[in-house]
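Top line first, the protein sequences correspond to chains A and B. For the record, in the first sequence the residue sitting at position 86 is 86 according to my numbering, with numbers rising by one throughout. For the record, in the second sequence the residue sitting at position 250 is 250 according to my numbering, with numbers rising by one throughout.
Keep in mind that the hints are not guaranteed to be accurate.
Covered stretches of chain B, as calculated for chain A (at least 3 residues, CB under 8 Å) [unchecked claim]:
no.	segment
1	40 to 53
2	96 to 106
3	229 to 236
Short, incomplete list of chain B residues facing chain A, as computed with Cβ under 7 Å [unchecked claim]:
no.	residue
4	65
5	74
6	86
7	90
Because the hints were derived from the structure by calculation, they are not lab data. Glycine included, C-beta positions come from ideal geometry on N, C-alpha and C.
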Amino acid sequence: MSKTLKTILQRGLKSSSNATAKGKRGEGFAALVFLAPSFAGISLFFLAPFVDTVRRSFFDALGIKFIGLDGYVSVLKNNAFRLAAANTAKFVAVCIPALLAASLGIALLVRGIRPWGKVFKTSYLLPMAVPVASIVLLWQALFHKHGLANTVLARFGVLPVDFMGTSAAFWVLIFTYLWKNTGYDMVLWLAGLDGISQNLYEAAKVDGANAWQIFVNITMPGLASTTGLVAILSLLNGFKVFREAYLVAGSYPHDSIYLLQHLFNNWYQNLDISRLCAAAAMLCAVLLAIILLVLRFFTEEV
Amino acid sequence: MAGIILDGITKEYPGGVLAVHDFSLEIDDKEFIILVGPSGCGKSTILRMIAGIEEITSGELYIDGILMNNVEAKDRDIAMVFQNYALYPHMSVYKNMAFALKLRKIPKNEIDRRVRDAAKVLDIEELLERKPAALSGGQRQRVALGRAMVRDPAVFLLDEPLSNLDAKLRAGMRAELTKLHQSLGTTFVYVTHDQTEAMTMADRIVIMKEGMIQQVDAPQVLYDKPCNMFVAGFIGSPQMNFAHGVLSAQDGIMQASMAAGKLPVAKLGIQAHLGKEICVGIRPEDIHASAAFLQANPARVFDAVVELSEPMGSEIFLYLDCNGDKLVARIPPGEVYRIGDRIKIGVDTSKIHLFDMETEIAIG
Ligand SMILES: Nc1ncnc2c1ncn2[C@@H]1O[C@H](COP(=O)(O)OP(=O)(O)O)[C@@H](O)[C@H]1O
Ligand SMILES: [Mg+2]
Numbered sequence: 001m002s003k004t005l006k007t008i009l010q011r012g013l014k015s016s017s018n019a020t021a022k023g024k025r026g027e028g029f030a031a032l033v034f035l036a037p038s039f040a041g042i043s044l045f046f047l048a049p050f051v052d053t054v055r056r057s058f059f060d061a062l063g064i065k066f067i068g069l070d071g072y073v074s075v076l077k078n079n080a081f082r083l084a085a086a087n088t089a090k091f092v093a094v095c096i097p098a099l100l101a102a103s104l105g106i107a108l109l110v111r112g113i114r115p116w117g118k119v120f121k122t123s124y125l126l127p128m129a130v131p132v133a134s135i136v137l138l139w140q141a142l143f144h145k146h147g148l149a150n151t152v153l154a155r156f157g158v159l160p161v162d163f164m165g166t167s168a169a170f171w172v173l174i175f176t177y178l179w180k181n182t183g184y185d186m187v188l189w190l191a192g193l194d195g196i197s198q199n200l201y202e203a204a205k206v207d208g209a210n211a212w213q214i215f216v217n218i219t220m221p222g223l224a225s226t227t228g229l230v231a232i233l234s235l236l237n238g239f240k241v242f243r244e245a246y247l248v249a250g251s252y253p254h255d256s257i258y259l260l261q262h263l264f265n266n267w268y269q270n271l272d273i274s275r276l277c278a279a280a281a282m283l284c285a286v287l288l289a290i291i292l293l294v295l296r297f298f299t300e301e302v
Numbered sequence: 001m002a003g004i005i006l007d008g009i010t011k012e013y014p015g016g017v018l019a020v021h022d023f024s025l026e027i028d029d030k031e032f033i034i035l036v037g038p039s040g041c042g043k044s045t046i047l048r049m050i051a052g053i054e055e056i057t058s059g060e061l062y063i064d065g066i067l068m069n070n071v072e073a074k075d076r077d078i079a080m081v082f083q084n085y086a087l088y089p090h091m092s093v094y095k096n097m098a099f100a101l102k103l104r105k106i107p108k109n110e111i112d113r114r115v116r117d118a119a120k121v122l123d124i125e126e127l128l129e130r131k132p133a134a135l136s137g138g139q140r141q142r143v144a145l146g147r148a149m150v151r152d153p154a155v156f157l158l159d160e161p162l163s164n165l166d167a168k169l170r171a172g173m174r175a176e177l178t179k180l181h182q183s184l185g186t187t188f189v190y191v192t193h194d195q196t197e198a199m200t201m202a203d204r205i206v207i208m209k210e211g212m213i214q215q216v217d218a219p220q221v222l223y224d225k226p227c228n229m230f231v232a233g234f235i236g237s238p239q240m241n242f243a244h245g246v247l248s249a250q251d252g253i254m255q256a257s258m259a260a261g262k263l264p265v266a267k268l269g270i271q272a273h274l275g276k277e278i279c280v281g282i283r284p285e286d287i288h289a290s291a292a293f294l295q296a297n298p299a300r301v302f303d304a305v306v307e308l309s310e311p312m313g314s315e316i317f318l319y320l321d322c323n324g325d326k327l328v329a330r331i332p333p334g335e336v337y338r339i340g341d342r343i344k345i346g347v348d349t350s351k352i353h354l355f356d357m358e359t360e361i362a363i364g
């Protein structure tokens, strides 16, 4: 795993790490010294608590009595967990492909219109800079029963939609995620596109390829490792959409957007620690498996 | 199989760089034509315009009699070998070579036959399953050639294909490219900044400078009758010697007076330059130091001081100072020369070149 991870990091950071990647042996020690502080931080704030979480998933709420896999069984039998896990899986399954496609499409467009590219780049990045709280206000104004979106729909004779109170909420959430992350992913794609030599496109043109064939045969293979990176980052960012969901709809939103994070939040408030830890450990295992698969699949050596 | 006509072609890049200016040339069917000139003179730009990956600012391009200005690259039936080869990194050698054929929906067994035939000719059969990253420079170069060959294109474009190879490999590849051209019977348009490549392979050479054609001729004609000082200096190694002089007449004989001495020049049509400043061009092999030559031509003998002697084995390059005129001579081996030696040299005046000092154009 460390090898594939290394390759992807090296590729992802190609531009910035060119000098250091070629480092000599003596630089290994220096690297360790520089890495030590952030590694200590990560250990203290992430690794240690995580290890404790896994330990607690096998103990009772007070963390004293060993209960084995009881916590896991109880989580898997729990209806709320099943709903939340299904929703989260569905959310990820819909939003990641949609995001990858949308952001890649925009990246290609932005590259196509060179002189205006910069303006577009900036405007697509803006949503990242808007604080969640402001977004939430905007969303409430937009998607409230008597909000802006419904006003516009009414103009076209469409009956008002209760966006946050029906399964439409799921799509509002998807939209939020896309709106927020497209810019970031677009920048990643642009970096990946820069890594493909202009000569390859020209060679393909001379070989007789049309625009679509060039995309399939040159652009896509050239973006393989970028795709892995973007997919993983998008997956992890997908879990952040909870902030918006929570602030717009509270602890118990419409069933269609009841996500794992809602559940975790509620269990936490109820001090249901062993179930919480068991569920967290499972989520973590699933995520790790997905990440490894993605890495394996997209970093096949050239 | 096709001739190419470039008619008054000009290329201006965004930002106002005039890369090619009023370039007109007729390339015959099956000709091996080489564009040569210093780096940045617009050679690649011309090739790219013929290939259709660079737009033509003005002028007309015909391939096989058909106007090509607005025909897309993919529809031009042209194959190109790029300077850095531009092999598709994620495809095996086989797939690299088969790519263009696959796009043309050629049957699988036909593709296979063509790829294997080309691989055989280029001696890369064992490499077919490798990825480009696992190949040496010379191997990549062959694959790039193979990728162009399998297509059996109307025109073959090659942009400095040998410049990334080491000297020995390059010499070998020159001979192979000549053979390849003969066996394929296709029009070759080849770009290089190396005059040796141009001299050894071309049917005709196009010498360029700053986006403009200087001279188009067969290699030997170019060598014997350069039209200006740029061409004279570019073709030939070591370079032609240039010495500053004045054209005068004595007893009805025209003379070029240089710092080194006077040389009788018997050329037609130079009267108009009488009394004017000129530049005398002498090829290194037209300077002689043998006793026989000096005795036979006593009127054409200069005194010279040896500044450096480079024995090459088969010949010696002598760097000489003739009263301020610096000359390089290429003479047969035998004698040993030391720095500071004072010697006598003779010039074969039947082979000298004269140029107008101002316009640098050949006279006589
Ligand atoms: N894409 C481009 N944009 C602007 N100027 C260019 C571009 N490509 C080449 N040039 C300029 O055009 C001139 C000719 O370039 P090129 O045809 O590549 O020369 P050569 O192949 O003879 O070395 C050079 O001055 C170069 O800087
Ligand atoms: Mg070039």
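Hints and how they fare:
Counting residues of the segment 40 to 53 of chain B whose C-beta sits closer than 8 Å to any C-beta of chain A gives 4, which meets the bar of three, so the coverage hint holds. Counting residues of the segment 96 to 106 of chain B whose C-beta lies closer than 8 Å to any C-beta of chain A gives 4; at least three are required, and the coverage claim holds. As drawn, the segment 229 to 236 of chain B meets chain A at 0 residues by the rule of a beta-carbon pair under 8 Å; below three, the given contact is violated. For residue 65 of chain B, the shortest C-beta to C-beta distance to chain A is roughly 21 Å, which exceeds 7 Å, and the interface hint is violated.
A cut of 7 Å between beta carbons decides the hint on residue 74 of chain B: the least distance to chain A is about 4 Å, and the hint holds. The beta carbon of residue 86 of chain B comes within 4 Å of a beta carbon in chain A, closer than 7 Å, and the hint placing it at the interface holds. With its C-beta approaching chain A no nearer than about 4 Å, residue 90 of chain B sits inside the 7 Å limit, and its interface hint holds.
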